[in-house]
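**Student:** Build out the structure end to end from the sequences listed, making use of the hints.
These protein sequence lines are chains A and B, in that order.
Under this note's numbering, think of the first position of the first sequence as 1, with each following residue one higher.
Under this note's numbering, think of the first position of the second sequence as 1, with each following residue one higher.
No lab work stands behind these hints, which were simulated from the structure alone.
Among these hints, one or two may not hold up.
No distinction is drawn between identical chains; accordingly, a pair holds when it is met within one copy or between any pair of copies.
[Claimed, not checked] Keeping only pairs whose Cα atoms sit at most 27 Å apart, straight-line, the calculated DSS-like set for lysine-lysine is:
#1 K211 x K57
#2 K211 x K98
#3 K158 x K98
#4 K222 x K268
#5 K383 x K98
#6 K211 x K28
#7 K158 x K211
#8 K268 x K28
#9 K98 x K57
Below, each chain spelled out in residue letters.
Protein chains: 2
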Amino acid sequence: MRAELITVGTELLTGQIVNTNAQYLAEKMAEIGVDVYFQTAVGDNRDRLLSVLELAKDRSQLVILCGGLGPTEDDLTKQTLAEFLGRDLIADPDAMAKLDHFFASRPTYHRTPNNDRQAELVAGSRPLPNRTGLAVGGLVEQGGVTYVVLPGPPSELKPMVQEQLLPFLSDGQRLYSRVLRFIGIGESQLVTVLADLIANQTDPTIAPYAKTGEVTLRLSTKSSRQELADAAFDQLEATILAHEGLADCLYGYGEDNSLAAVVVNLLKERQLTLTAAESLTGGLLQATLTEQAGSSAIFKGGFVTYSLEQKAQMLGISPELLRQHGTVSAVAAEAMAEQSRRLTGSDLGVALTGVAGPVELEGQSVGTVYLGLATEHGVISHKLTIGDRGRQHIRQIAVLHALNLVRQAICSDKTMV
Amino acid sequence: MRAELITVGTELLTGQIVNTNAQYLAEKMAEIGVDVYFQTAVGDNRDRLLSVLELAKDRSQLVILCGGLGPTEDDLTKQTLAEFLGRDLIADPDAMAKLDHFFASRPTYHRTPNNDRQAELVAGSRPLPNRTGLAVGGLVEQGGVTYVVLPGPPSELKPMVQEQLLPFLSDGQRLYSRVLRFIGIGESQLVTVLADLIANQTDPTIAPYAKTGEVTLRLSTKSSRQELADAAFDQLEATILAHEGLADCLYGYGEDNSLAAVVVNLLKERQLTLTAAESLTGGLLQATLTEQAGSSAIFKGGFVTYSLEQKAQMLGISPELLRQHGTVSAVAAEAMAEQSRRLTGSDLGVALTGVAGPVELEGQSVGTVYLGLATEHGVISHKLTIGDRGRQHIRQIAVLHALNLVRQAICSDKTMV
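**Tutor:** In structure tokens:
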């Protein structure tokens with residue numbers, strides 16, 4: 001089914017609010033296999049809403065309008081849809097009874113004629129009752145197009161969609177997804193490696209998406225059962241991971257997952273503890289780790305050593321060594337990792353030192369980062385050349401690479417099992 | 001000027017991401033007095049993008065396209081606009097030089113033909129250089145309509161809009177804004193205090209907006225000159241701050257400002273250094289401080305002391321004291337602040353200990369936080385009851401309150417001048 005969303009509200013056009021309803025509705029439609037081809041935001045304006053409806057009726061079979069059902073003067077979605085369809089607005093008896101009850105139980109509230117509009121529907125609509133508010137929603141068909149009217153407040157929209165609209169619209173088939181999460185490979189490189197597969201994709205489909213420092217692939221298929229979808233995903237995933245180098249870059253699955261969550265869980269599983277000594281990231285790695293609930297099982301504490309003096313003093317590293325090799329060096333990263341591990345008695349110590357910018361440091365360019373990792377087997381270091389991509393980006397990417405170094409060490413080291 | 005936004009990306013239509021770019025662009029256009037009448041989200045699809053451009057050219061004078069400038073197969077915004085306008089795509093020499101430099105300095109990255117697309121522009125465009133990324137933006141006029149092409153990643157979009165697009169578009173009358181930033185007062189409380197002023201607002205207008213832990217008031221007025229706008233803002237601001245308690249809560253001005261930036265600048269001005277010992281926030285305060293460029297002038301290093309043992313060992317606090325009073329206590333917060341200050345030789349030491357959740361700790365409920373602050377005059381503590389508002393919220397709010405404690409101490413203490 002070809003669908004489109006029309007979100008109504010001047011506050012969207014002035015940027016006062018973010019259009020989270022469009023995202024929510026789009027996600028829900030995808031879940032039941034309805035393809036949304038257009039989303040339009042339009043102000044509380046009769047003429048412009050009419051022009052959008054005129055377009056929509058020719059290009060979509062399902063038109064979902066959201067917002068503008070309230071009791072104020074500028075709420076005109078239902079009136080405009082009624083005019084567009086050449087129908088009347090009529091009161092829904094259940095919604096009107098709810099309105100009566102609302103005002104009867106609140107004697108201090110003033111009921112205005114505008115309030116009654118909330119209980120009205122385009123004639124011929126199937127009502128969508130509003131469990132958490134007063135504005136009734138509706139669904140009406142004309143000329144082969146289904147028009148749906150929904151309230152704007154998310155607290156009213158979501159229950160109505162979940163409890164009324166989705167069960168009505170879905171019939172057996174729904175969309176399943178599997179999200180593969182990669183680190184250590186750029187989006188363009190991943191897409192080049194998988195070019196043939198992506199060019200010839202049919203079912204499941206493959207959609208790459210880049211976030212800061214990582215890339216995800218979303219596999220999607222329509223199916224009647226989870227098991228059938230999973231079988232299709234398993235097969236496609238195996239084909240993807242057969243490409244050289246990709247299996248090592250796959251760190252996890254799922255929309256709400258993160259590298260930090262994966263690392264914390266790996267450490268928990270193996271009953272290992274991690275500490276850190278951070279310079280350019282200033283505590284960001286430790287803050288990212290401790291975002292995860294239950295991280296106290298794997299993290300006891302660590303160091304933010306920003307200046308040369310504090311690297312020396314807090315970690316017990318010779319200041320001469322740091323001056324000789326520079327604080328932005330493999331030697332510094334290795335010493336920081338090893339000393340943080342030793343001082344806190346942790347199983348692993350990770351260190352980050354580098355140049356977050358905006359200016360270069362010790363003759364090293366912005367975006368140069370050294371990672372150190374100390375384990376019971378010894379200490380290694382790794383140089384990153386992130387480039388001048390802005391202070392925050394550099395720090396975030398450095399943290400992801402450091403977490404990935406920890407992940408790889410745990411996964412590759414059989415003695416850590 | 002009648003404008004519309006076209007945001008391009010299938011991930012918008014499937015609800016994978018929220019369209020924050022539409023909100024950002026709408027807000028920026030409102031600021032310079034450009035009226036946005038339509039926002040359309042469309043997938044990475046040539047035919048549908050062409051259909052939206054066809055509509056746009058007849059109803060808008062300014063058409064801003066955002067997204068789809070990347071190096072992958074499905075990025076086709078520039079190609080489609082070129083086709084729509086009957087123009088070629090040509091390489092922008094500066095953008096190509098930047099691309100060359102990027103790959104030359106990263107020998108391990110594979111350059112693919114797709115990458116070159118990022119440096120291309122619709123023929124006849126005025127280039128909009130991308131300071132924080134590789135995809136060049138552009139601005140081209142045809143048939144009385146100005147078409148603007150912008151990158152999708154917010155980290156690239158925002159600098160390009162702020163530094164390139166807005167100065168080009170604004171001329172003569174424009175909308176001026178002053179943003180007042182408050183901490184320590186909720187949005188509903190601020191709105192209640194200012195109810196009369198907000199109800200009777202004319203020019204400048206007043207728009208309150210709540211973010212995590214803080215509230216802003218945006219004053220806006222249209223004017224031909226900055227000086228005229230400033231005079232109006234000065235008068236309204238004085239009226240606002242005459243309300244009891246508000247002057248103490250005002251911590252700064254401006255859209256891109258933050259409490260961390262204000263605190264770092266105050267410390268720099270007074271030539272003071274700050275350290276921290278963090279428990280529940282796990283390094284988030286120090287990461288927030290070091291987000292600010294040049295923070296090394298005021299921050300040498302600090303501690304993340306998550307477990308009781310590391311609070312004792314890293315900070316040299318008696319474990320018996322911590323066990324007796326609890327690690328979530330005023331005593332612990334004060335000892336952590338004082339010891340971090342002493343061990344690093346900093347002027348101020350701030351400490352955070354508390355319960356981020358999801359479960360209670362030492363019989364203290366989720367959202368209970370103790371802040372400690374040590375200065376040359378001694379040490380104080382402050383208890384926060386944030387409530388169970390989710391782990392991340394609690395940590396962020398705790399950091400803001402800790403920074404505000406530092407701000408108030410510096411501002412109130414004449415000896416720190």
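**Student:** Would you mind marking each hint as holding or not holding in the structure?
**Tutor:** Against the structure, the hints:
In this homomeric assembly, K211 and K57 never come within 27 Å of each other (Cα to Cα): the closest approach is 36 Å inside a single copy and 32 Å across copies. When the C-alpha separation of K211 and K98 is checked against a cutoff of 27 Å, the pair qualifies only between copies, where the shortest distance is 22 Å, while the shortest distance within a copy is 37 Å. With identical chains, the CA atoms of K158 and K98 are at most 27 Å apart within one copy only, with a shortest distance of 19 Å there and 46 Å across copies. In the homo-oligomer, the alpha carbons of K222 and K268 never lie at most 27 Å apart, since the shortest distance is 35 Å inside one protomer and 58 Å across protomers.
With identical chains, the CA atoms of K383 and K98 are at most 27 Å apart between copies only, with a shortest distance of 23 Å across copies and 52 Å within one. Both within a single protomer and between protomers do K211 and K28 lie at most 27 Å apart by alpha-carbon distance, with minima of 18 Å and 24 Å respectively. Taking the closest pair of Cα atoms, K158 and K211 come within 27 Å of each other both inside a single copy (19 Å) and across two copies (16 Å). Proximity of K268 and K28 under a CA criterion of 27 Å is satisfied in neither setting, with 31 Å inside one chain copy and 46 Å between copies.
With identical chains, the CA atoms of K98 and K57 are never at most 27 Å apart, being 32 Å at best within one copy and 46 Å at best between copies.
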